[in-house]
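**Q** Chain by chain, the residues run as shown.
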Amino acid sequence: MKKHFQTTLSLLFLIASLTIFSSYTATETLNNKYSIKFPYRKAGLTERQAAAHLLSRFTYGATPKQVDEMVNMGLEKWFTQQLDADQPNDSLNASLVAYDVLTKSNKELSNTYLDGGQIRRKATKEGLLPQDSTGKLEYKERKGEIDSFMKAKGIKPEGELIRQLVNQKILRAAYSNNQLQEVMTSFWFNHFNVSLTKNESVRFVPCYERDVIRPNALGKFGDILLATAKSPAMLTYLDNFRSVASDNNNNSEEGSKRLRALYAQQKMLAEKGDTGMQSKEVSQKIKGFKNSQGLNENYAREIMELHTLGVDGGYTQTDVTNAAKVLTGWTIYPMSDEYGGAGIKKMIEKVGEDKLIQQGFVHDGDFMFAVNKHDKTDKMVLGNDFSGKDGYNEGLRLINILAHHTSTAHFICKKLAVHFVNDNPPQSLIDKMAKTFLDKDGDIKQVLVTMVNAPEFWSKDALREKIKSPFELTISTVRALNAKIAQPYQLFNWINKMGERMYYYQAPTGFPDKANYWINTGSLLNRMNFGLAMAGQRIPGVSFNLAALNDNHEPESAQAALVTYCKILMPERNVDSTVKRLTPLVTAPAITQKIDAAAGKTAPPQTQDQPTMMASSDDNMMMSDAGSHNKKVLKEKVNRKKSADYSIQDLMVNTGNKTMLSQVTGIIIGSPEFQRK
Amino acid sequence: MSTRRGFLKSGALALFATGVGGVPTFIARAANSNKIVSPYKKNKKIVCIFQRGAMDGLMAVTPFTDENLKAARPNLFMSAAKNGATTPLIDLDGRFGLHPAMKSFEPLFRDKRLGIVHAVGSPNSTRSHFDAQDYMEAGTPFNKGTSSGWLNRAVGLLGHEGATPFQAVSITSSLPKSFYGDNPSLAISNLQDFAIQMRGNPMAANMASKSFEELYDQTSSSLLNKTGKESFDAVKMLQKSDTKNYKPANGAVYPESQLGNALKQIAQLIKMDVGMEVAFTECGGWDTHYNQGVETGVFARNVTDLSTAIAAFWTDMSGYQDDVTLMTMTEFGRTVKQNGTGGTDHGRGSCLFILGNDVNGGIVHGNMPSLAKENLEDGRDVPVTTDFRSVFSEVADTHLKIHNDKVLFPEWDGKKIGVMR
Numbered sequence: 001m002k003k004h005f006q007t008t009l010s011l012l013f014l015i016a017s018l019t020i021f022s023s024y025t026a027t028e029t030l031n032n033k034y035s036i037k038f039p040y041r042k043a044g045l046t047e048r049q050a051a052a053h054l055l056s057r058f059t060y061g062a063t064p065k066q067v068d069e070m071v072n073m074g075l076e077k078w079f080t081q082q083l084d085a086d087q088p089n090d091s092l093n094a095s096l097v098a099y100d101v102l103t104k105s106n107k108e109l110s111n112t113y114l115d116g117g118q119i120r121r122k123a124t125k126e127g128l129l130p131q132d133s134t135g136k137l138e139y140k141e142r143k144g145e146i147d148s149f150m151k152a153k154g155i156k157p158e159g160e161l162i163r164q165l166v167n168q169k170i171l172r173a174a175y176s177n178n179q180l181q182e183v184m185t186s187f188w189f190n191h192f193n194v195s196l197t198k199n200e201s202v203r204f205v206p207c208y209e210r211d212v213i214r215p216n217a218l219g220k221f222g223d224i225l226l227a228t229a230k231s232p233a234m235l236t237y238l239d240n241f242r243s244v245a246s247d248n249n250n251n252s253e254e255g256s257k258r259l260r261a262l263y264a265q266q267k268m269l270a271e272k273g274d275t276g277m278q279s280k281e282v283s284q285k286i287k288g289f290k291n292s293q294g295l296n297e298n299y300a301r302e303i304m305e306l307h308t309l310g311v312d313g314g315y316t317q318t319d320v321t322n323a324a325k326v327l328t329g330w331t332i333y334p335m336s337d338e339y340g341g342a343g344i345k346k347m348i349e350k351v352g353e354d355k356l357i358q359q360g361f362v363h364d365g366d367f368m369f370a371v372n373k374h375d376k377t378d379k380m381v382l383g384n385d386f387s388g389k390d391g392y393n394e395g396l397r398l399i400n401i402l403a404h405h406t407s408t409a410h411f412i413c414k415k416l417a418v419h420f421v422n423d424n425p426p427q428s429l430i431d432k433m434a435k436t437f438l439d440k441d442g443d444i445k446q447v448l449v450t451m452v453n454a455p456e457f458w459s460k461d462a463l464r465e466k467i468k469s470p471f472e473l474t475i476s477t478v479r480a481l482n483a484k485i486a487q488p489y490q491l492f493n494w495i496n497k498m499g500e501r502m503y504y505y506q507a508p509t510g511f512p513d514k515a516n517y518w519i520n521t522g523s524l525l526n527r528m529n530f531g532l533a534m535a536g537q538r539i540p541g542v543s544f545n546l547a548a549l550n551d552n553h554e555p556e557s558a559q560a561a562l563v564t565y566c567k568i569l570m571p572e573r574n575v576d577s578t579v580k581r582l583t584p585l586v587t588a589p590a591i592t593q594k595i596d597a598a599a600g601k602t603a604p605p606q607t608q609d610q611p612t613m614m615a616s617s618d619d620n621m622m623m624s625d626a627g628s629h630n631k632k633v634l635k636e637k638v639n640r641k642k643s644a645d646y647s648i649q650d651l652m653v654n655t656g657n658k659t660m661l662s663q664v665t666g667i668i669i670g671s672p673e674f675q676r677k
Numbered sequence: 001m002s003t004r005r006g007f008l009k010s011g012a013l014a015l016f017a018t019g020v021g022g023v024p025t026f027i028a029r030a031a032n033s034n035k036i037v038s039p040y041k042k043n044k045k046i047v048c049i050f051q052r053g054a055m056d057g058l059m060a061v062t063p064f065t066d067e068n069l070k071a072a073r074p075n076l077f078m079s080a081a082k083n084g085a086t087t088p089l090i091d092l093d094g095r096f097g098l099h100p101a102m103k104s105f106e107p108l109f110r111d112k113r114l115g116i117v118h119a120v121g122s123p124n125s126t127r128s129h130f131d132a133q134d135y136m137e138a139g140t141p142f143n144k145g146t147s148s149g150w151l152n153r154a155v156g157l158l159g160h161e162g163a164t165p166f167q168a169v170s171i172t173s174s175l176p177k178s179f180y181g182d183n184p185s186l187a188i189s190n191l192q193d194f195a196i197q198m199r200g201n202p203m204a205a206n207m208a209s210k211s212f213e214e215l216y217d218q219t220s221s222s223l224l225n226k227t228g229k230e231s232f233d234a235v236k237m238l239q240k241s242d243t244k245n246y247k248p249a250n251g252a253v254y255p256e257s258q259l260g261n262a263l264k265q266i267a268q269l270i271k272m273d274v275g276m277e278v279a280f281t282e283c284g285g286w287d288t289h290y291n292q293g294v295e296t297g298v299f300a301r302n303v304t305d306l307s308t309a310i311a312a313f314w315t316d317m318s319g320y321q322d323d324v325t326l327m328t329m330t331e332f333g334r335t336v337k338q339n340g341t342g343g344t345d346h347g348r349g350s351c352l353f354i355l356g357n358d359v360n361g362g363i364v365h366g367n368m369p370s371l372a373k374e375n376l377e378d379g380r381d382v383p384v385t386t387d388f389r390s391v392f393s394e395v396a397d398t399h400l401k402i403h404n405d406k407v408l409f410p411e412w413d414g415k416k417i418g419v420m421r
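Chains as they are written, first to last, in the numbering used here: chain A, 1 to 677; chain B, 1 to 421.
Extracted from the complex, chain B is given alone in its bound form (with noise of 0.2 Å):
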């Protein structure tokens, strides 16, 4: 309580001085309080994306170098060297290449801003994207039955409990299984859904909003009367600040996409001060068993809409930059060996990206093994040489602060890399 409180005190009598409709009278009390803890926007934030699907890592940022690959995907093998009419990879460190179509990763690569993780994956070789995914998000890679997700667990590690609605916000339409716990957490497919809605009758939702509220105040099921608090107190956070008009900062452009608007959300929660230290949002596209395309096609579009959002959100965070770090995540790679359809099949290991100040950035991180078929998990896939809990948990560490590795990964064994500085 004290927490709420302070961040009343602090942050939210100036949102709430002009909100709508009544004003709760703990909001008159936290004024009279005392207490004072540090404002919500000194708190790191962590975003981050999950690329459902599966996302070919090899293409995505690739070890050109490499001769075996070359050999293995004959009309899907791009080079870093100029030639002609073809796009060529963007030659990073002169063993791998990122994909044309990530050009606007280019300078943040080169600032040290954003690094790369390669070879990353899970050490269940499962190939199912409903195991990998459920493994990945669980954060526990041999164990179906935990009912938490890892960002639910880093949420309670925090100990800031109870402090926000909005402390862990996921721009879904349903919670995802990272965020399932008990501590708070919040899906919102669209902030500007937020809010007692009577279509085309402002008048008569904001009665019925007075309404709920009287109701969910008097009930006496504490859960039922302590979330209906949150509910209106998030939604009156929401109504003063104009999600709709939302003008990004430094002409930042985000992309018409699912991701660009999710990012664009998020960056729009962190600038209002609302207490978010936990983001979470997915794109799909990534399972390209057909016909993947090579500088053009599905998998070009799909990598242009994910460094685009995120290029785009990392412009619109500036003044917030040494607040926020973002990381991608996908539930596994895809064969090294091109099929019969012009795609590939599901594999093991895969990169992700990370962005942020605090970040060991500008190198590919990870051990990449020669493509030969000798060195290949199972004959045919990248093995994965780094556990994806040792970069979370790094991310975690190092940007969040937690340091409970027990809780945050049960079962593992706490190798870092140095992903971070």
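Chain A with its partners taken away, still in its complex shape (with noise of 0.2 Å):
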């Protein structure tokens, strides 16, 4: 009997410890590309509950039975193909094949695609506009010539550019199979960030996103910070385009000398009556002299406090300017005539190309190194010795010295954990993953794979505490829903609206990551009827089957509406306490007074002005599912009782559940549980 009971032990021991082995040795097998090994049961989370939380941070938001997909295919497998990031992407690419900006090089959009001032002068030019006069009456009388004038020289306005460049990044985040890399560029793009405010960058933006960011966003950082330091698009954002050394600078007593002889040489000419070439080229001269402003430190001082160590990095500002001094020359290749660029494109053609080379520039892609243009003394940054000779090289240096800095571990890793983890992430994990950064020479997969691993990426103080920013909350209603996007500038409105202007963020630190920046009075208002015009179908050109999300089962009841749409767009949360506080409200009628009873309270008739609401403009733009029959019953029955007792269930009786379903949806949406992410 003994004996007997010692067998059964040792068998169920053998058979927990196989499962508990073989449990292990599935996942061992599985990540040992990357090392992923996620400890999410240790904080005491079910595998669905993981899926969720991966789900809500590396995508940008669920899509239906997603969760049920992941589950299938083994968590780690699947962040392992999001690091990857290699997944076809045939159905996003086709509604992408339209957009022309998104093939073209830097040169040709500046060449393309032309603002209101340069399209008025290319005209002025073409004797379009008078030369003198160029008011906004002449534009409109002019403006079939000038448009068929652009037309053919292939011209496009500026506004076309940005329409679609807004449009592929939201189609992009709604659609990509891609997702972590879709994050990943948005995260690397805002701390990189650029604007669309500065108009010398605008025509740079679309290959900047394209060809520097999103092809970096998961290699390693050193490679993405040089990207940025030699892309157009930064080095007109922060003016490093036009830095050069200041003996060049006519502040200087050289500089001064200079311009005193080219003003006296044009005050000869004027004196001769001379109105010819001469007198052209010097006062071209000295408007380049003057462009020229010497040393500007813009760039030096954010590639430091913002890209790369941090604002507490243990820089000085000695050390800001002589970066400044390191990174002079740096500058675009010549594209168009705009901003100094036919004269450089003549001091090319005059000396050739092969001899600069010899002399020290560097001509790479639309990057130029203006040998000419550098500050060649001996400078010193963060102890570093860089010596005057070096060139372009020195700026390799420092940039290199600045990536491998435990200052910019510590720095990219506390953000990338702010992104992911929560607003104030523990120093345990920044640490972690700081070490990583430095062992891994800037691995940002690593350095995310250290971050997964960690338990801290799982606590309950990391669950749901991210809020979405208004773009995240836009693209995880539309992946939520299924919807489809016909007009993705649209949503863009919205976007807009809620407080996230994408792409037109003024100040070099890009969008604030914290929760208190995203949510203020006006903009949570705004998120509750974005989530209304969403579900009522009244945002044009985005479009959604609701029924289609419950295999075309219609909730028998407001509440069964309630319960299983809070779980269709919320998968795996506790949607508990949202289905408790609004079944009162789908349910009961008269609710009104029910809640102005406890506030010891009666309320009056809803107010006179609902009946100049309805006659809006846009009364026909809404619910457009629930039909004009069911339209004219609201009116109606709004026009009998005009009083605020209604609830759900009279709106279901009255219109329909098509309505119904939308009002539920739109306040799920709406709803706090929707913003955390």
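No lab work stands behind these hints, which were simulated from the structure alone.
Careful: at least some of the hints might be erroneous.
[What the hints assert, rightly or not] Below are the DSS-like pairs computed for lysine-lysine, each with C-alpha atoms no more than 25 Å apart in a straight line:
id: 1; chain 1: A; residue 1: 414; chain 2: A; residue 2: 432
id: 2; chain 1: A; residue 1: 267; chain 2: B; residue 2: 70
id: 3; chain 1: B; residue 1: 226; chain 2: A; residue 2: 677
The model shown is predicted, which means the values in this text are computed figures rather than measured ones.
Bring the two chains, given one by one in their own frames, into a single complex with the hints.
**A** So this is what it looks like as structure tokens:
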């Protein structure tokens, strides 16, 4: 008997350990590529809950049934795929074919998409507008001619470039199968922010995102840092393209001597009555001289303060000035006649590019190192000596030093943790990530793996603790509803209204990545209104089928709808309190009195301005799927009762299930739970 | 919390009593509280208008006796002397003349309510709109990394934190840099839109509104909870007033422009006593590189809009004028010399206007030198002889009683020039 018991016991033990062991080996073999091992069970999460958490942080939101798909595939395998970012995107790419901006180079965009002033100047040059009177009136009068001139020359308005840029971001975020790549592209774009508010940068932004940010979004930090440093978008946005050695500066003694000589020459020519080529050349030279205002510290400061070390990263004003000197001459290879491009072009033609390269010039795509603008003195930055003779290599070395600095590792890892974990991530987590950053040569993938392998990522301080940005809210809604987007720009209008005008953040800091920036009185109401507009299918060019989300089963009651759609839109969330709070509202009639009784007040009838609201021009846009009949019923009902005591039950009775469903869905999208990720 | 309760006791109950929908329980609590705090309407209010694009200060307020200017602007210069067909400048003091399109400013100036500061601007010589606006709104001309705006810091220094969702309101579509920061601030493009909206279906909107209020009341996220409460408080305050059919006082007529509408809404908020202390709005079109015109044209239209909107606001504010000070600002001025296309390019010093009963009005303040080439900044621009922070901090100091310049404008010496009484 005793022996039998022992055998059973040891058998049980064997089975138990086998089970544990096999689950271990299964996970181990799947993950060896990146050594991913999610410790979610220790945090008390089920696999499904873990999947939902991963989806909320590394994608723009779960699509219906995506949790099931992930669990079937295996969480670690899914994450590996996202890190590899090599999933096919055929249908997304097909929808982007119409966007010619995405296929063009900086040079092509610079010469194709022109702003109002440039178009005006071109038209004036062409004789379409009078030389000295370019008021709006003349422009309007000649609009037909100007338009056909533009068409003939293949010129398009800059606004079209911006529209395509915005639209493609929305489409990629909503539909890319490589979601993490898009999330990281957004993260790095914001980290290395450039802005459409800077006129000089606008036409460089599409290539900046496409060629500089996205390909490096899951690469090495040093690579993305260098790529941004050499990009026309950053060079213009933070002015480095015009930063030149101070001996070129008109404030220096030698500079002012040269300027005085030019002025004298100009005066002499003017006195002679010369208005020909020579006089034009001199005034051009003076203009060019004045445009180059010498050393510009803007980029040098921001690369340390915002891109690498952080404001407390241990650099001084002297380091900033000297770094600016190291980076003098880092500029744009001329691609149009704007911003001094014509002058440089001429110089290159005159001397010959081969000869220039021998002298130390560098031409790499749109980037150019102009050795003649470079500060050739010796400098020291962060304790490192830079020989003034090293030219382009000085900058390369500086950027390499910054990319691998301990302060940088901590600064970048903190920012990543703030983005993916919570607004105040624990130091223990940042330290682990920073160690990987330093050990693995700034490999972003490895840093992310260290983060998800850490218990801090799965703790209750992380779950649901991040608030979606307006962009994230919008895209997660589109994804949760499986919506089709025919007019992405309509969504941009809402995102803008909620406070995130993508690509337009003026400051080099990028949008603050914390909840209390996004959540304020005005923006919160707009979030709720967005939910209602979206669910009511009142956003033109965005459509979806609510019933299809529930396999075309219509919920039997308002309460059933509430429970079902809470679960569909917010998978694996605890929706009990949401359901509990809303149930009385969706089922009980005459709810107003109840609330008022609690507050010891009696509610008066609804205010009189309702009929005027109903007569608004947007009337016909409301609840398009409810049909005109329902609308009529609603109107009559309002006119009859003119009181606030309605519940969803009333709506359902009067307008049918579709309206009720969209109302419930709108409330879920605008609810506090849906704002969290 | 005590200030909130005080407010509710003193003023808001009347508003809520006839409000729509559920009355939050905290109001009932507030009604029973014995705390007495002075009502908001005693608070001073500052209204700022940012003229984006850099206004040509020399054309707005012209030093018409300066021959250098006349020579530099053969097609743009206006005289104060009456001669034939052209409308001359309004002679303010024998030296400066107001653009004729700003005639509605004249009585305010003569009445010593309106003060002008000339050759004002930033010590940072950038001529980029982007940088200069950023620096001016942050209030730190040499530090790009400043994350807060000067008006947001002003709200913090008022020490009435969290008192009302309307403490700082910007009538713009998005939050301006001036309002960035940790203190509560609000951007509304249109007061009428500030509600839960289901166009054409107020019944459903009302239901949705109550649902949202319930949900935000119970959420475990304290930020969402607190902001949700504030939002619905604000909605209810606005619901009470008939924002759509607002009638300005004293027959004030606002121009039908963005600025006119914005100032009208600011006036409404002031009269509603919702506790607003800092208001902001903006107007554009000042970047006049091309054909800016003289007595008529784009510049004249812009200053007509600016001056009539401000004058209408002041008329509308009768009864509140002691509490309100209004100030304009622009990122920089424009070149002394006209350019080849009938306009002016980016320059340095410009001018600004301050209006209020505590303003040292009827004076063109600041130091405008003769515009001889050797006096100009970089040989081309009006030199900045008054730091914008000098004016901003004096207005904040005198009108709002904010004395901590080190927080409002770090890295600044604190010198003032007497633009306020």
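**Q** Indicate, hint by hint, whether the structure satisfies it.
**A** Consistency of the hints with the structure:
| no. | hint | in the structure |
| --- | --- | --- |
| 1 | A:414 <-> A:432 | holds, 11 Å |
| 2 | A:267 <-> B:70 | holds, 21 Å |
| 3 | B:226 <-> A:677 | holds, 19 Å |
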